[in-house]
Structure formats: structure tokens, C-alpha cells
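Listed below, chain by chain, are the residues.
Number of protein chains: 4
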Amino acid sequence: MFKTCIIGASGYTGAELALLLQQHSQFDLAALYVSENSHDAHKNIGDLHGFLYEQIDLPLLPLKESDMLALAEEMDAIFLATPHEASHEWMDKLAGKKAVIFDLSGAFRLKDKSVFAQYYGFENTQSAWLQQAVYGLADWHQEQIKQAALVAVPGCYPTASLTALKPLFNAKLLDSQHRPIINAISGVSGAGRKAALNSSFTEVSLQAYGVLGHRHQPEISNYLGTEVIFTPHLGNFKRGILATITVKVAAGVSAEQINQAYQQAYAGNPIVRLRKSWPKIDDVAQTPFCDLFWKFDSQSGYLVITSAIDNLLKGAASQAVQCANLRFGFASQLGLVN
Amino acid sequence: MFKTCIIGASGYTGAELALLLQQHSQFDLAALYVSENSHDAHKNIGDLHGFLYEQIDLPLLPLKESDMLALAEEMDAIFLATPHEASHEWMDKLAGKKAVIFDLSGAFRLKDKSVFAQYYGFENTQSAWLQQAVYGLADWHQEQIKQAALVAVPGCYPTASLTALKPLFNAKLLDSQHRPIINAISGVSGAGRKAALNSSFTEVSLQAYGVLGHRHQPEISNYLGTEVIFTPHLGNFKRGILATITVKVAAGVSAEQINQAYQQAYAGNPIVRLRKSWPKIDDVAQTPFCDLFWKFDSQSGYLVITSAIDNLLKGAASQAVQCANLRFGFASQLGLVN
Amino acid sequence: MFKTCIIGASGYTGAELALLLQQHSQFDLAALYVSENSHDAHKNIGDLHGFLYEQIDLPLLPLKESDMLALAEEMDAIFLATPHEASHEWMDKLAGKKAVIFDLSGAFRLKDKSVFAQYYGFENTQSAWLQQAVYGLADWHQEQIKQAALVAVPGCYPTASLTALKPLFNAKLLDSQHRPIINAISGVSGAGRKAALNSSFTEVSLQAYGVLGHRHQPEISNYLGTEVIFTPHLGNFKRGILATITVKVAAGVSAEQINQAYQQAYAGNPIVRLRKSWPKIDDVAQTPFCDLFWKFDSQSGYLVITSAIDNLLKGAASQAVQCANLRFGFASQLGLVN
Amino acid sequence: MFKTCIIGASGYTGAELALLLQQHSQFDLAALYVSENSHDAHKNIGDLHGFLYEQIDLPLLPLKESDMLALAEEMDAIFLATPHEASHEWMDKLAGKKAVIFDLSGAFRLKDKSVFAQYYGFENTQSAWLQQAVYGLADWHQEQIKQAALVAVPGCYPTASLTALKPLFNAKLLDSQHRPIINAISGVSGAGRKAALNSSFTEVSLQAYGVLGHRHQPEISNYLGTEVIFTPHLGNFKRGILATITVKVAAGVSAEQINQAYQQAYAGNPIVRLRKSWPKIDDVAQTPFCDLFWKFDSQSGYLVITSAIDNLLKGAASQAVQCANLRFGFASQLGLVN
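Protein chains in written order, with the numbering used here: chain A, 441 to 778; chain B, 441 to 778; chain C, 441 to 778; chain D, 441 to 778.
Hints listed in this document are in silico derivations from the structure and should not be mistaken for laboratory results.
Mixed in with the good hints, there may be bad ones.
Pairs involving identical chains hold if they fit within one copy or between any two copies, as the list cannot separate such chains.
As the list claims (entries may be wrong) - Calculated cross-link-like contacts (lysine-lysine; reagent style DSS-like; alpha-carbon spacing at most 25 angstroms):
id, residue 1, residue 2
1, 483, 735
2, 716, 483
3, 716, 634
4, 716, 553
5, 634, 553
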């Protein structure tokens with residue numbers, strides 16, 4: 441059993457991750473932490489998240505910076521379900537010690553520092569860890585993840601988008617003159633567990649946001665290898681992302697080549713499911729899966745793919761567990777798929 | 441045309457009321473106010489509430505206490521869609537002048553001052569206005585409303601509950617040993633337009649609250665004339681209240697007597713609709729109606745009634761307009777029902 | 441007062457239309473019809489649609505084909521809220537008489553007969569009426585509508601899409617090598633009032649459908665003037681459509697030119713609202729508006745527009761009323777906007 | 441490993457049960473059946489229920505009556521997730537052989553035959569099996585379940601209601617002059633997987649139904665031991681039941697006695713969770729738990745309890761697994777709670 445803890449366990453992602461680790465056969469969930477001045481400090485996690493009531497008997501301990509070094513030497517794995525700024529600030533106290541770090545924030549996902557000022561609103565000064573961090577797209581970067589000291593677990597939208605697009609791009613099937621157009625709709629849990637007018641029940645109604653300026657656009661473009669147009673939306677549901685992606689394929693590409701690209705990428709992968717019909721959000725909510733389906737119009741050369749995930753699981757917690765599984769020598773899906 | 445304004449126009453009730461007054465043939469909506477330090481001050485109401493975009497061209501003016509007296513002398517009617525504490529604090533500056541006051545808060549609904557300390561968390565020191573205030577249950581208190589200087593517009597739950605129960609109680613059909621049991625479910629807009637964790641989209645899920653201690657329990661009991669058990673719930677919808685009320689009738693009461701009580705109370709009333717099947721929330725959402733339907737088990741003597749309203753309209757804004765209509769000599773439903 | 445009736449009044453669109461006509465100052469709603477063998481025949485419309493209870497006191501009369509001629513000579517306007525096949529079958533009995541016909545089905549929206557076999561599943565044999573029918577995109581085709589004997593009221597998705605795209609195409613701002621990519625999400629009422637597994641509450645969850653083969657794709661392309669890629673989705677809400685449209689503009693096009701195109705098309709139009717922020721479904725649900733907002737990335741030349749309407753109103757019933765207003769000499773928005 | 445199969449596996453309950461059995465360490469899910477003329481016959485269950493895609497590789501076999509005997513001799517346990525009529529019709533072909541039968545329909549829940557004609561619309565002629573059937577309220581009837589040849593798994597509403605009420609009744613805390621008043625709201629999945637207008641997405645809106653005449657009223661009364669008033673509602677959510685129960689306690693009963701009654705009944709029970717705050721539907725959806733919380737007004741003697749379950753799990757599939765666990769000698773919660 442590998443000893444693990446979660447920092448930032450009071451949020452939705454932290455709660456899901458806590459349950460996954462608690463039920464995992466190879467990881468021991470030893471402790472839950474929140475920031476020192478959190479008003480949730482010392483509460484039991486089951487009192488914040490009713491589904492965990494009596495299931496995890498751990499308090500949310502306030503974590504002092506002065507205790508981070510000891511923690512990093514005690515744990516085998518530390519999961520950070522913290523705000524970007526907190527991950528950024530704490531990383532050099534936590535990383536590079538005994539514990540492997542799995543950071544679910546966006547603070548270490550990109551190598552290019554300029555992105556952080558523009559899209560995240562803070563300057564990233566952790567140059568060394570930015571360079572060392574491995575992007576934890578678990579179905580693609582297995583070899584790097586197995587060696588990583590710090591895994592930057594991908595964002596929810598990039599996970600849905602890259603899983604759909606990488607097979608096509610890598611097989612050189614995309615027309616280079618047309619950017620892939622990604623329209624994605626996320627459930628409100630993606631906004632985190634907090635009081636905010638724009639995520640209050642009465643205010644939420646299907647709407648675009650962050651158009652042509654969302655921080656996941658450079659993340660997708662960078663790990664795909666080509667520019668994309670990414671338009672996120674907030675939907676009136678709690679969990680899940682549906683990404684509908686329209687691409688133009690290169691001249692002469694056939695449906696069979698598209699099919700082969702997906703088969704090659706995912707045949708036998710228990711997490712990515714190549715469906716026989718258009719996936720719904722409900723098919724993947726509360727699951728670790730990414731469901732894909734596509735239709736191609738050979739006359740026009742346009743191809744439409746939809747990709748569905750649970751934003752809190754495949755878009756965060758279960759992908760972090762996939763990464764941890766890989767890093768500690770287990771099958772990617774251990775503890776996630778029966 | 442009577443000149444009107446709304447104080448507290450940035451919230452959901454204020455926005456609905458603004459549209460009703462704007463479209464009304466006899467009232468002129470002259471101005472919208474918010475409290476002096478509101479961060480919505482000087483915004484256009486259509487920028488806060490998308491459905492009003494380009495429909496009402498009025499800014500939300502910050503209201504200074506020093507301007508209240510002049511306002512009360514200028515207007516024919518002032519509608520207060522303000523917090524209880526604000527209505528309480530400002531009432532002696534506004535009431536008793538030219539303008540008739542229609543207060544949608546709870547600050548003047550009850551005569552018994554002890555209720556305010558226990559249920560509202562503040563001491564009500566406006567004794568004179570407490571005494572003068574008329575309870576604006578528009579389908580029942582028409583004569584008093586016509587004379588009022590200050591109308592305390594009822595709460596949403598009391599409106600749904602009293603409309604269902606008053607015909608039975610007044611006709612002496614209720615068994616006095618069994619309290620009416622009121623289970624009511626409200627949409628989230630009832631919590632107001634604000635950032636709060638417990639009304640955030642991801643947190644909302646059908647749940648009881650305020651059990652055996654909600655401030656609407658004394659309001660219902662007082663205006664019904666007998667004690668009730670009132671259990672409110674928050675539902676996962678935006679607008680509307682469904683109250684399901686179970687009573688035991690007095691020995692020997694027949695279905696025909698129950699029917700007569702409702703017919704006598706509401707036949708010909710265009711606002712209260714005696715339905716032929718169980719009303720749904722959607723039947724009354726965005727409408728000024730209160731829909732009633734009931735079933736009686738003569739063997740056991742138990743009677744179940746459901747009552748459905750839109751909490752923002754019949755439970756607030758449209759009932760306020762009913763009161764204003766009555767006060768200025770019009771039919772109760774003017775501007776509400778075609 | 442012009443005398444009107446609705447055929448196919450039992451569905452959601454028919455019910456909305458009935459209320460609009462009932463409240464209209466210039467149209468008299470004289471009768472409601474359903475097909476001869478409808479199981480809703482002889483019911484009161486308020487018993488099917490609770491929001492109309494006691495509001496419209498008209499039964500749903502079964503319409504015999506033998507009575508159609510007399511009806512067409514009696515009425516000034518007949519609204520068909522019928523299935524495509526029924527409108528197709530009945531048109532030569534109804535059109536060309538005294539009554540102007542407003543057909544809300546898809547049976548007469550396109551001139552090209554081959555579309556019907558491919559996309560609608562029936563052969564359109566009404567050649568004469570196909571030629572005479574005027575496409576009722578009310579904010580664009582006002583002059584033709586004023587003369588029409590038969591108005592084919594547009595589909596919901598085409599209304600949302602064309603309102604967003606026509607200003608750009610007509611101003612020659614679009615790059616001709618990139619098809620506009622339209623992703624649209626409709627509420628479930630778009631599927632009509634009927635029992636069907638895929639629109640049952642438990643089954644509905646955000647999902648694409650009809651990809652690269654929906655019947656509204658040729659309708660949009662035809663009335664825009666260029667091919668588009670249209671991907672519809674079913675969303676977990678009752679009413680409304682949000683269309684998110686991504687286009688590449690021609691080289692050198694500026695934000696100012698885009699702005700001018702929209703201003704020129706819609707400045708002063710009370711139905712199409714050029715918003716200052718991204719519209720939500722809730723801003724337009726239960727309203728006759730089409731709300732537009734856009735963002736342009738001058739570096740890449742990509743432009744994203746979202747367009748929001750109520751599918752039952754601007755996408756059907758209120759646009760039919762706009763058409764009738766125009767046809768009978770009134771302002772387009774009469775009875776729709778205060 | 442005990443060999444099991446499910447008859448009626450195409451519905452929502454069958455699908456949940458299939459996943460529970462598939463993941464169970466002691467039961468082997470050997471086959472899935474549907475009725476002989478089902479249009480789902482020969483489909484893979486993952487094509488009907490997207491969450492099961494690639495998770496259960498079993499077709500839905502059409503079951504002939506002529507094969508039932510052999511099946512009953514081959515299996516250790518047969519789960520019937522069938523309509524009441526089908527369970528009734530097939531029981532003497534299935535029960536009394538090698539397999540223990542777990543019937544999730546209502547056909548064998550009550551001993552009194554007259555109930556079936558009145559509430560279920562068919563005459564129950566299976567007198568012998570009616571007598572032998574054990575009511576599978578798993579947290580209460582453990583000893584009988586351990587011996588049963590046929591377990592009638594309780595209805596969803598009775599499970600929520602009885603779990604809340606039995607501790608009070610058994611401890612003689614209830615006033616006998618006041619019937620317990622049960623108001624319960626169910627998600628739409630309770631209506632089953634089928635096309636029906638009243639469960640279509642657009643029609644569903646919070647509403648009472650089956651008032652004073654629902655078939656679960658006699659089931660609750662019978663297994664509680666006293667008459668109740670039960671009012672079910674349909675809510676606008678997919679899964680879960682919240683029952684709000686108002687009772688009057690006997691004179692002199694204290695909060696401490698109430699607390700003791702619940703502690704005695706459920707302390708240490710991992711399925712029934714005595715909460716510290718009002719449970720939400722979301723706390724129990726997708727879980728096997730029944731969550732309880734209560735508040736008592738000692739002055740009036742009224743007590744309000746809410747009880748929350750997932751209708752498809754604790755109200756059907758997971759309670760069936762609890763029963764099977766007990767019957768085959770395992771802990772009630774095996775395979776359900778970590």
C-alpha cells in the first residue's frame with residue numbers, strides 16, 4: 441500500500457478523489473488537508489459532501505507551510521486539488537522529496553511562462569518545476585508519467601478535446617488550413633465549490649463564456665500540436681462535459697482512415713470507449729470513461745466528433761488516479777474500472 | 441396614470457415587478473432605486489436581468505435617506521422589494537406621506553413584535569406602522585387594502601398556504617385536534633439574487649430546511665386563525681411553489697361541503713383557479729395564478745389539497761400589483777390577466 | 441379585427457400561438473382545430489396545457505377535410521401548427537382562398553423538391569404551392585411576406601442561425617473557403633408533445649443528434665446562400681435554442697465592419713437584440729426575441745457568434761405572428777413587445 | 441460464486457442490478473433475460489444503457505416460458521425486474537426450485553389478495569406463493585429473508601417510509617389518533633423506461649399524483665402496523681426519493697426517546713445513516729444508503745422526519761442485493777458499501 445494524502449480536499453474534485461483513493465486496493469488515504477485559513481478546517485469531509493457521510497472518517501486538517509517538508513518526506517503520493525496559485529506557491533516545498541506530486545491545478549501544465557500571465561493572471565516563477573512537470577494525459581503520455589516527480593494532471597476541457605483530436609492529428613489526417621472548432625459544454629461543478637452569483641442556481645442557464653480567450657485553449661493547442669478554436673459553455677447540469685468538435689480532413693482522407701486512427705489509438709483501452717452512437721453526458725457522469733463517436737461527410741471533407749467525460753473524474757480525479765496507477769506500476773484503470 | 445417607483449429593484453422580485461408596472465395601463469414606472477452602497481447602482485436593469493434588456497430603459501439609482509421624504513411626496517405608490525431590515529429602517533421616512541407603500545418584505549406582516557426577534561433576528565421598533573399595516577392577501581383582504589397607507593404584501597409560502605386553507609377554516613370544516621400539515625417546495629429564486637454556497641447550482645438538490653422554525657409558520661397560523669405545521673423544502677427548479685396540505689376535517693363533513701367552501705371563496709376569481717386535476721409548477725410559473733385541486737377520503741376524514749403559485753409573481757410581484765390595483769380603485773387582476 | 445384559427449392546436453407551438461392570438465389587439469382567435477382522429481378532439485385546450493386553464497375557452501374541434509374549403513373562405517388567417525405531412529396534404533384545400541396561410545411545418549420552406557425525399561421522408565407533390573410560398577424569416581423578408589398567400593414560417597434552428605449569419609454573408613465578410621460551423625442546442629419541447637422514449641425525462645441528457653444530416657441544414661444553407669456545417673444537440677431544458685456559430689472572415693475584415701453589418705441589419709429592430717454580453721437561454725425563453733453577441737479574434741480571423749431564441753416563440757409561434765402582423769399591415773412586433 | 445441471472449434486465453432497475461451483480465465478489469451474473477416479445481431482445485445491455493457500454497458483455501436473451509423450469513434449476517438466484525403481471529404469471533414456473541427468487545415487482549408484497557384487484561388492476565391467483573413470500577425490507581426482516589424461497593423486494597416509497605417510521609412505531613412513540621402524514625417526491629426513473637406523455641421531459645414538473653389511492657399506501661400501512669396518509673409526487677429529477685413525514689407523538693414522549701428509538705434500530709447499520717443535517721437527494725443518489733434526519737417540537741408534540749434514498753438502488757436494486765447477501769449468508773452490505 442502506498443501512502444497518500446490530498447491537499448485541497450474540501451472541493452468537489454478533492455471529494456471525488458478521496459473516495460477513489462479510499463476504495464483503491466493499492467493506495468492508502470492517510471490524510472486530508474485544507475489551507476491553513478480555510479473555514480472548513482477541522483470539519484469532517486462527510487459533513488461537507490453528504491455522499492461521503494460515514495464513508496471516510498477523516499477530518500480536513502489545516503496545512504501549515506512549515507509542515508509541508510515533513511509531509512513530502514512521509515507520503516508516497518501527494519494530490520493537490522488546490523487553486524492554481526496555491527499549487528504554484530507550494531510546489532517547491534512539496535516536490536522533489538519522497539512523494540510524487542499529482543497537481544490537479546493548471547499551474548504546471550504548460551512550459552511557456554507567458555501563458556500564465558495572460559491566461560491565469562499570475563506570473564509563474566517556478567521555472568525548474570515547470571520544466572520537470574509531466575503532462576498527465578494518461579492515455580497518451582504513459583512513459584513520461586511512469587518517470588515523473590511531478591505530474592500536471594490535465595484540465596477537463598483539454599482531456600475531452602485531446603482524446604478526440606490526437607488520433608487524427610497524429611495520423612496526419614487534418615487539413616492544416618482549417619483549425620479544429622471545439623464547442624464544449626461543462627456542468628457547473630467545473631466552477632468549483634464556492635459562493636458566486638454566476639453559478640447560483642437561478643442564474644445558471646446555457647451560455648457561452650471565455651470565448652476566444654479561455655486558458656484551456658493554449659493547453660489544447662500545445663498538446664495537440666496545432667492551433668484550435670475553443671468555445672466553452674456553462675450548461676444547466678452538475679457534472680460532465682460534452683465537446684463537439686468539427687474538423688476538415690486533408691484531401692483524400694477516407695472514413696476508413698479515420699476509423700483506423702481511432703482504433704489504433706484506443707482499441708483495448710478500457711477508459712476511452714469508441715461508441716456506436718452519440719454519447720450523452722449521463723453515459724459518462726460518475727464514471728472514469730471518455731466516450732467518443734464521430735460522423736464523416738466524405739463529400740465536403742468535414743468530420744464531427746463528440747467527446748464526453750465527467751469533468752470531476754476523467755477531467756480531474758480519476759485521471760489523477762490513472763496517473764498515480766501508472767507512476768506506481770499498476771494498470772492505468774486499476775480501481776476505476778471493474 | 442399613477443406614478444410609481446420600486447426600491448430594491450435589482451433582485452428577482454424587483455425585476456418582475458418592474459416589468460408588470462411598465463406594461464400596466466394605469467401605473468407609470470417612473471424610477472428604480474437600489475440602496476446607496478449597492479454595487480449595482482447606476483447599472484441599467486436590463487444588464488442585470490437579460491429578459492429586460494432594451495425593455496426598460498431605467499438605471500438603478502442609489503437612494504439616499506435624505507431623498508426619501510421628497511420621493512414619498514412625489515410618488516403615488518412606492519414598492520419596496522427590499523430586505524426586511526431595510527423596509528423596517530426606512531418605513532417612517534416613506535410611509536404616511538402622499539405615496540401608498542407596498543412593502544414586499546416581511547417587516548410589517550405581523551402585529552406581534554415578539555415574532556420579529558425570534559424569527560427575523562431583529563427587534564421591530566416601528567410600532568405605529570406595524571399597527572397600521574394591512575396584510576395584502578389580495579383575494580381575501582380587499583376592503584382593508586382599499587384603505588391602506590401601508591400594505592404588507594404576504595410571503596410566498598403563506599400565499600400558497602392560506603389560499604388553500606382559508607376557505608376550509610372559515611367554513612369551520614377543519615377538525616380542531618389535528619393541525620394542518622403543510623409541505624411546500626420552493627424554487628431557488630426564493631432565496632434571492634445573491635452569491636451563497638447553499639444556493640449554488642451544484643449544491644442545490646431537493647431538501648427540507650427551516651423545519652418547525654421557519655418565519656412563515658407564524659404568518660400562516662396568524663392569518664389562518666389556527667396553528668399549522670409548516671415544512672419548507674428547496675427544490676431543483678428556479679421558480680414556483682407547490683404546497684401539499686393534509687388536513688383532517690371535522691366529523692361528518694362531506695365532499696360537497698368542501699366543494700362549496702372553495703366555490704364560495706373563489707368562483708369568478710380570475711386569479712385563483714379551481715383546477716380539475718393536480719396542478720404542476722409549470723402551469724403557474726410566469727403567471728399570476730394560484731391553482732388549487734383537492735381529494736377527500738370520506739372514510740378516514742383526511743383531505744389533501746395542493747396549491748401552486750409562482751413565488752416571484754403571486755408570491756410577491758403580481759400580488760403586490762393586485763394590492764395596488766385594489767388600492768387605486770381597479771379590478772384586482774388588471775394588467776395581470778388578459 | 442381579423443378572424444383567425446389554428447389547425448394543430450394541441451401541441452406546444454399551437455398552445456403558445458393560441459395565447460398570442462388571444463391577447464392580440466388586431467386578431468380574433470375564432471377556433472382551434474385538431475386532426476379528425478386526434479384523441480385530444482373535443483377537449484378544452486386548457487385541460488391539455490395547464491397554463492391556458494380558464495384563459496382560452498375553446499374546444500379542440502376535429503377538422504374534417506370536407507370542411508376545409510369553407511374554413512378557408514371564412515377566415516382571414518389560418519395558422520397550421522401541423523406535422524409536415526398534414527400541411528403538405530391539406531395545402532391545396534386551404535391555400536388560395538380568402539385566408540392567408542401561415543404554415544409552421546417544414547412542408548413549404550424549400551423550393552427544391554429533392555430535399556423533401558431526402559430529409560423529410562416524403563415526396564412533395566404540391567409544386568404550385570411550393571413555388572408560391574414565401575419564406576417567413578420576418579426580420580429579413582418583409583416585402584415578400586406582405587404580399588404572400590402562403591407563408592412558410594422558418595424552422596427554429598434556421599431562425600437562430602440565419603439571424604446571426606445573414607448580416608455577415610450579405611456584407612460579404614465571410615471567407616468562402618471555410619463553411620460556417622453551427623453548433624446548436626435545443627430544449628426538448630422542440631421534439632413536440634408526444635410519448636417517445638428518447639424524449640422521456642430519464643433518457644434526456646445533452647447529446648448530439650442528426651449530425652451532418654439534419655433537415656435544417658439545407659434550409660439554412662439555402663436561405664443563407666452558402667453551405668454550412670450544422671450540428672444540433674438535445675439539451676436538458678424545456679425551451680430555447682442556443683446556437684454557437686464559428687466563422688472565418690475574409691482577409692482584412694475588421695471588427696468595425698462586423699459591427700456595422702449587425703448594426704445595419706438590426707439597429708432599431710425591437711425583436712433582434714444586439715447584446716453587450718453572451719446571451720443565456722433564460723434571457724429569451726418565453727420571449728419573442730433573438731439575442732446576438734459576438735467576439736472576433738483579428739489575429740486568426742475567426743469570429744464566434746451566439747444566437748439565442750425561444751424555439752416555441754421566435755422559432756415558431758411569435759415569428760408566425762410577426763409574419764401575420766406584416767401581412768395585415770401592422771408593425772412586425774405588434775402584440776409581442778410592449 | 442453463486443450463479444445468478446436477471447429477468448427483465450432492459451429497464452432502469454435491471455441495469456443497476458446488473459452492474460451490482462457484475463461487480464459483486466460472491467455472485468456471478470450469468471445471463472440477462474427479457475420477455476420473449478421484447479423489442480430489446482438480443483441487444484447488448486450496453487447499447488440500451490450507455491453507462492454499461494463495454495462493462496457487461498451480455499445480450500438480452502428472450503426468455504421462453506418453456507425454458508423457465510430449467511433456468512430455475514440451474515441458477516442459485518433469479519432476480520425479477522419485471523412488471524407486476526409478469527412476476528405474477530411466471531412465479532409458479534420459477535419459484536420452489538433450486539433458485540431463490542428475488543422479485544422486485546409488487547406482485548408478492550402483500551398477503552391480502554383484495555389489494556391487488558383494487559390497487560394493481562389484476563387478480564392475484566398465486567395464493568401459495570403469496571403466503572410463502574417474505575417481504576424483503578432488508579434492515580428489518582433479516583431472519584425471515586435468510587430462510588426465504590421467494591423474497592418480495594419492497595417498493596421504493598415503502599422503503600423510504602418504513603425506514604423512517606418503524607423505529608417510532610415499534611417503540612410505541614406514535615399518537616394513535618393521528619395518522620403519519622407521508623409526503624414523498626420521486627425522480628422520474630420511478631416511472632420506468634418507456635415512452636409516455638406524462639413522463640416526457642417537457643411535461644414533467646413537480647406535481648402530486650395518486651393521492652389517497654396509491655398502491656404503496658397499503659404496503660406501508662401493512663408493514664408499519666398502522667394506517668398512514670401517503671401522498672406521492674413526481675419531481676423534475678431523474679433519481680431519488682425524498683419522503684417528508686410528519687407525525688404526532690404520544691403524550692410525554694421526549695426527544696431523547698426518539699433518538700434512542702433510531703439509535704437502537706440503526707446504530708452500526710452501514711446502510712441507514714442517521715445524519716446530522718437534512719439529507720438531500722444528491723447525498724444518496726447512486727448510493728445504497730437511506731439517510732434520515734428529524735426535528736421534534738416538544739411543545740406541540742409534532743415530529744418531522746425526512747428520509748432519502750435512491751429509488752433505483754435502495755428502493756430496488758441494492759435492496760435486492762442486500763436480500764441476496766442475507767439469503768446466502770453474507771453481510772447485508774457486501775458489494776454495496778466499501
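Hint by hint, here is what the structure shows:
1. With identical chains, the CA atoms of residue 483 and residue 735 are at most 25 angstroms apart between copies only, with a shortest distance of 23 angstroms across copies and 49 angstroms within one.
2. Proximity of residue 716 to residue 483 under the C-alpha cut-off of 25 angstroms is restricted to the inter-copy arrangement: shortest distance 13 angstroms between copies versus 45 angstroms within a copy.
3. Within a single copy, residue 716 and residue 634 get their C-alpha atoms only as close as 38 angstroms, which misses the 25 angstroms cut-off; across copies the closest is 22 angstroms, which meets it.
4. With identical chains, the CA atoms of residue 716 and residue 553 are never at most 25 angstroms apart, being 41 angstroms at best within one copy and 32 angstroms at best between copies.
5. In the homo-oligomer, the alpha carbons of residue 634 and residue 553 never lie at most 25 angstroms apart, since the shortest distance is 28 angstroms inside one protomer and 36 angstroms across protomers.
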